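Engineer: Start from the sequences and build out the full structure, keeping to the hints where you can.
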Amino acid sequence: MADTKASPEAEESQASPERLKVTIDGVTTEVEPGTLLIEAALKAGKYIPHFCWHPRMKPVAKCRMCLVEVEDQRGLPPACTTPCSNEMVVHTDTPIVQQVQESVLELLLANHPLDCPVCDRGGECPLQDQTMAYGPGESRFVEEKRHYEKPIALSELVLLDRERCILCDRCTRFADEVAGDPLIAFVERGNRTHVLTFPDEPFRSYFSGNTIEACPVGALTAVPYRFKARPWDLEEVESTCAQCAVGCRVKLQSSSSRVLRVLGVDSEEVNQGWLCDKGRFGFEYLHHDDRLTAPMIRIDGELVEASWGEALDAAADGIKRAAKEGPDALGFLGGSRSTTESAYAFSKLARIAGTNNVDAQLGDGLEAAFLVGANPRASIANLDSAAAIVVAGPDLKEELPVLYLRVKQAALKNGVPLIECSPMQTGLSRYAAVSLIHRAGETAQLLSALAGAAQREPTDRPPAGASATDFQRAVEIISEACDKNAVVIAGRTGLATSDGELGASATQLAEAIGGLVLPVAHRANTMGALFAGCAPDLLPGGSRLADGDGGSRAAIEKAWGRAVPSHEGRDASGIVTEAARGNVGALVLMGADLIDDFPDRSLGLEAIGRTGFIVAIDIFMTPTAAAADVVFPAATFGEQSGCVVNIEGRVTRQVAKVAPPGSSQPEWYLLDQLTSRISGKPARWTSHQDVFEEMAAAAPAFAEVTRASIEGAKGTVVRASDTYAPQEIEHPPIATDQYNHRVIAGRKLYGDGQVSGRCTAFRRIDTKAVARLNSRDMSRLGVEDGVAVRLRGARADLEIAVMTDDSVPEGSVSVPFNRIATSSGADEKETGESALHPIRVADLIDSTAAVNEVRIETLESPA
Amino acid sequence: MGKFSGFAVTLRHMFRKPVTTQYPKEVREKPVRFHGRHVLNRYPDGMEKCIGCELCAAVCPAKCIYVRGKDNPPGNPVSPGERYGYVYEINLLRCIFCGLCVEACPTTAITMSNMFEFSVTDRNQAIFTKEHLLVGEDGKPNRKLGVEADVTADALEEAGGWMRATAPGGNANFKEEVLWSPEAGVGTRLPEGVADNHPRDIGADTRSPEGRVEQ
Ligand code: SF4
Ligand code: SF4
Ligand code: SF4
Ligand code: FES
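So the protein lines, in turn, are chains Y and Z. Position 776, counted from 1, in the first sequence is what our numbering calls 939; the numbers after and before it change by one each time, with no gaps. Position 108, counted from 1, in the second sequence is what our numbering calls 158; the numbers after and before it change by one each time, with no gaps.
No lab work stands behind these hints, which were simulated from the structure alone. All values reported here derive from a predicted model rather than from experimental measurement. Just so you know, not all the hints are guaranteed correct.
Derived EDC-like pairs (lysine to aspartate or glutamate); straight-line CA-CA distance at most 20 Å [to be verified]:
hint: 1; chain 1: Z; residue 1: K113; chain 2: Y; residue 2: D339
hint: 2; chain 1: Y; residue 1: K221; chain 2: Y; residue 2: D339
hint: 3; chain 1: Y; residue 1: K225; chain 2: Y; residue 2: E265
hint: 4; chain 1: Z; residue 1: K113; chain 2: Z; residue 2: E139
hint: 5; chain 1: Z; residue 1: K113; chain 2: Y; residue 2: D396
hint: 6; chain 1: Y; residue 1: K414; chain 2: Y; residue 2: E398
Structural biologist: So this is what it looks like as C-alpha cells:
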C-alpha cells in the first residue's frame, strides 16, 4: 500500500532544537513540531490502521479507524489529525483501542456488500486487509444491506459502486484539493450519503484515475481495467511513464505478457504519487492489432514483408547511396519517443553515415542547446519553494499534466505567486497572480520586456499587446522575487508560432531576476534524445559540436573510432524544407511522422514525395511509414529497457515487462546493425547496457550517471557539458494584419494520434476538434456555437466548427493541433488507415513563418 | 511338511471369491467424497454459478486453473451479478485433485464429480475448457466432449449431487441451499432510486466492451 509509507517530508526532517519526543507503544522517536501522530507512528515503525488519511492530502478524520489512546488525555483522539506534542505517550493496541477498531470495522461493513470475489480491488483492498487484521471476525448484522445500482459511470474512465464506498472522502478531497476539479461530492445525508457527480457534469478530470488508486475500497474502479485480472495475476516492474516529458514514475503491471494496469509511484522529486489519465490509461496501444510485426521493404511499389537481414541490407544500401552525395543528402529525424540508448544509437548512426543533419524534435520545440543546457536549471521540486513562478509555454494542464499539478500546488498550497505568459488563458490561469495574455508568437518579446523592467529599464508599453496594469503587477512580483530562486518555465507556446527566441529570453529573464529556468519539451524522451546528441549542433552529453575544443569531441571520436563530421547540420525544419525541394537523398525516421507530427503538414507531404529513399522505424504503419522504402518494427515502452531523461535532466530507468509483438526489436539493436553495415565494422552491442556504457564513456556529462545511480525513482540528474549562453537577442518585428486571426495551435491531452487514437479508453472520450474564438469575434462574424466556418490560411483551408471561448483573446483563434478536424477524419480513426486526405490543423501551418494567421469566413448556409 | 504344503495357500484362494473388479464392465461404487474431475455448476434457473473471481486459480497448488472474468452482458447475463467466468480452463494433467479449488469457490460453482476416466491421446485434450466443465442446462455433466473415455454412466447425475459430496460444511448429506448469499451482487430489494439525476449516458458503457482487448 502506497499510503503506508511516511511522507518524505516527515522523514527528511532536519535537526532543529525544537524536536518533540513521542513514545508510541514503547518506541520513542523524535519528530518535528506539527507532525501528525500517524506520521510519527510510521516513523517509529508502528502501523496505525487508517482509511481516510492519505500522506498527500489534508487529514479529515472521517473514518475513525486510526483512534489511539494517549496517556493523560480523555477519549481516543484520531491519530491522523492529532499533532504530536512533547513527551506524548501513545498506545495503539490496548484493549480499548482494539475494541474501537472492531466496532469501526463492524459499522463500515454494515452496509458493505462484501462482494469481494467480483470486486476489482479484492486481494489488494485496504478494507479487506484491515478487516482481517483488526476486524471482529463475525458480523452481528442480519438485516438486509442498503442497495444502489451498481456500478454507475462517473466518467468515461471511472466507475463508482456506491455500495462499497466507506465515505472516506479521499476521492472528493483529491478532486478538489489536488486536481482542482471538484466535480464529485457527497450528496444526501446520514445512511444515504454517497459520492456523486453533479447533474449532467461527468467527472471529466485529467486526473480522475488517481481517485481509483486512492480509494481504500473497490468503490471506484477503472473502466479499462474492469475485470481484466485479479491482483495475484499481475507481475509488476517500476518504470517511467512515456507519455510526456515530466517522466512520472509508474508501476507497470502485466499478466500473460499484456500490460493491464499502470499505477503511480510516490516520487517526491517528480510526481508525488499522482499520474494523469493519459499516463495511467494510455497503454492499450501496446497490444493493438495494428502493431508492426515484421520488417518491410518496397518491391515494385509495394511494401512487402522481408527478413531482418534483407531489410537491414536494403536500408544500409539506400543510406550509403545517398551519403555519396555529401552530408546534406541525408536527414535523420526522431529519437524523442525512444529510450536514450536508442537515441544515442541514432545520433551515432547519423554521424557515422557522415552527417550532422539529425534532430529529435520535429520543429515543434525550442532550441536544442537551450533545452539541454539551460542554466541555472531548476528541478521540479524547486517549484515548491520558489519565490515566484513564471510560466511561458504551452498549457501545462494539456501537455505536462503532472507538472501542472506541481505548479498549482505551489501556487495554492505554498502561496507562490504565479505569472502566466500565454497567448490564451490556460488551466493555470485560475491560480495565477497575473495572466499576461498577449499576442501569439510574441512571448519572447514579453519575457525580454519583463527582464528589462526587472532591471529597471523603463518600458513605455508592454509588448505583444499585454495589458499594462497586468504587466506592472508582474514586474512588481518578479522584482520582489529577485535572487530568491524564482523559476521560469519555458516551452513552445504552440505549434503555429515559432517562438524562436523564447529560450534566450527566458534565460535573460532568469538572469535578470537571479532565478532558475525549467525548459519544457513535449515528447517523453526529448531531453534524453538531445542529451544523446540527436540535434544538429550537439554531441552526446549535450556538448556543443561547434566548440570543437577537443574535450568531449575527442572522447566521442575515440569511442567511435571515427571522426565526427564538422559541417554545420540542419535541424528538422531545415531537413524537411530541403527534402521538400528534392535535395535530400535519404531520410531516416525513428518514431517521427512527417505527416502527422511535423507542424507544417504540406511541407512534410512534399518532403516525403520528393525524397528518394525513406527508412521508417516505428510501431505503427503511420502515413509516413506507408510511404517509406524500408520499415522496421520497433519495440516500445514496456517492451524494452533503457533510460529516459525528463525535463529536469533526471535520468531514470524504463524497464521491459512484456514481449514486443512479432519480431520487433529495440531500436538500438537495428541501428547498431545498420551502423555496422555502413561503417564495415562489426556490430558492438548485445544489450541496452552495452549501449549505455558506451554512451557514458563517450560523453563526459554522463560520468555521474551509472547503472546503479539511475535505479529507483530518484534517478540522477544530468547536466550538459556546455551550458546555454544566449547571444544578444534581437526580436524580429512581426508583421500583423489587422483583418486576420492569429492561430494558437496547442495540443490537447487526448489527441487522435497514432498512439492515443489506438487506446480504447480514450476513444470513448469526445476528441472532436473545434476552433475556439472570443465571444466578440463570434458576434462580429455572426456565427453561433457549433457552426462550421472556413479558416483560410496561407497553406490550406480548413472547415471546422467554432465555439465561443473567452479564454482566447480577441483576434486569435485556438485550434487543437493533435486532433482531426474534418468529418472524414473519423474514418481514418476507425480503420487506423493511413489516408492522407483528412485535413488537419497542421495543414494550416507554415512552419517557416514566425506566426500563422488565418482569415475566418462563414460558409454559405446550405439553405 | 510335505512338498505340497506350499500349495495350501494357493488352493485356499482358488475357492475364494475373486476381488478383481471387471473394469470397465463392472463399475465400483465410489466413496461419497471421491475427488473426480471438476464440473462447473449452474443454478436451477440455468444461470452459471461461476463469477470468474479466480479464487480457485489463486489457491490451486498446482497452478493448473486459468480463469478470466468479464462483464455480464446486460440483456442476457450469464451469471448473477456483474461478472462471469469468461475463460475457464483446468489442465488435468497437472491437477493433483486436492479439492482446494472447491473449498475456495465462494459460489460452489466448481465441485468435483465421480468421473475419473479421462485418458487422452493428446496433451492438449487434457486442458478442459469451460465447454467440457460446465454442466448442461439440465444440470448434467457434459461427458462426451473431446475425451472419449469419459463416457461411463455415473450414479450422481445431477450437479447438486456433487455439491453434496463436497459440501464445505463437510456434511455428506448436505442438500440444496447454496452458499451464495443473494446479497452479494444481486440484492433482493431494488436499488434505491437516488441516481436519477446522474448523467447515465456518457459513453462509459462498460457492459458492451466494444473493441476491448480480450484476454
Ligand atoms: S468512493 Fe472510495 S475514495 Fe471515495 S469516499 Fe468512497 S471509499 Fe472513499
Ligand atoms: S483439485 Fe487442487 S490441483 Fe486440482 S485444480 Fe483444484 S486446486 Fe488445483
Ligand atoms: S469457480 Fe468459483 S472460485 Fe473459481 S472463478 Fe468461478 S466462482 Fe470463482
Ligand atoms: S485515518 Fe484517521 S480518521 Fe480516518
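Engineer: Does each hint hold? Answer for all of them.
Structural biologist: Comparing the hints with the structure gives:
1. Z:K113 - Y:D339: 44 Å, violated
2. Y:K221 - Y:D339: Holds. K221 of chain Y to D339 of chain Y sits at ~11 Å (cutoff 20 Å).
3. Y:K225 - Y:E265: Holds, at roughly 16 Å.
4. Z:K113 - Z:E139: This hinted pair holds, its Cα atoms lying about 11 Å apart.
5. Z:K113 - Y:D396: Distance of about 11 Å is within 20 Å: holds.
6. Y:K414 - Y:E398: 10 Å, holds
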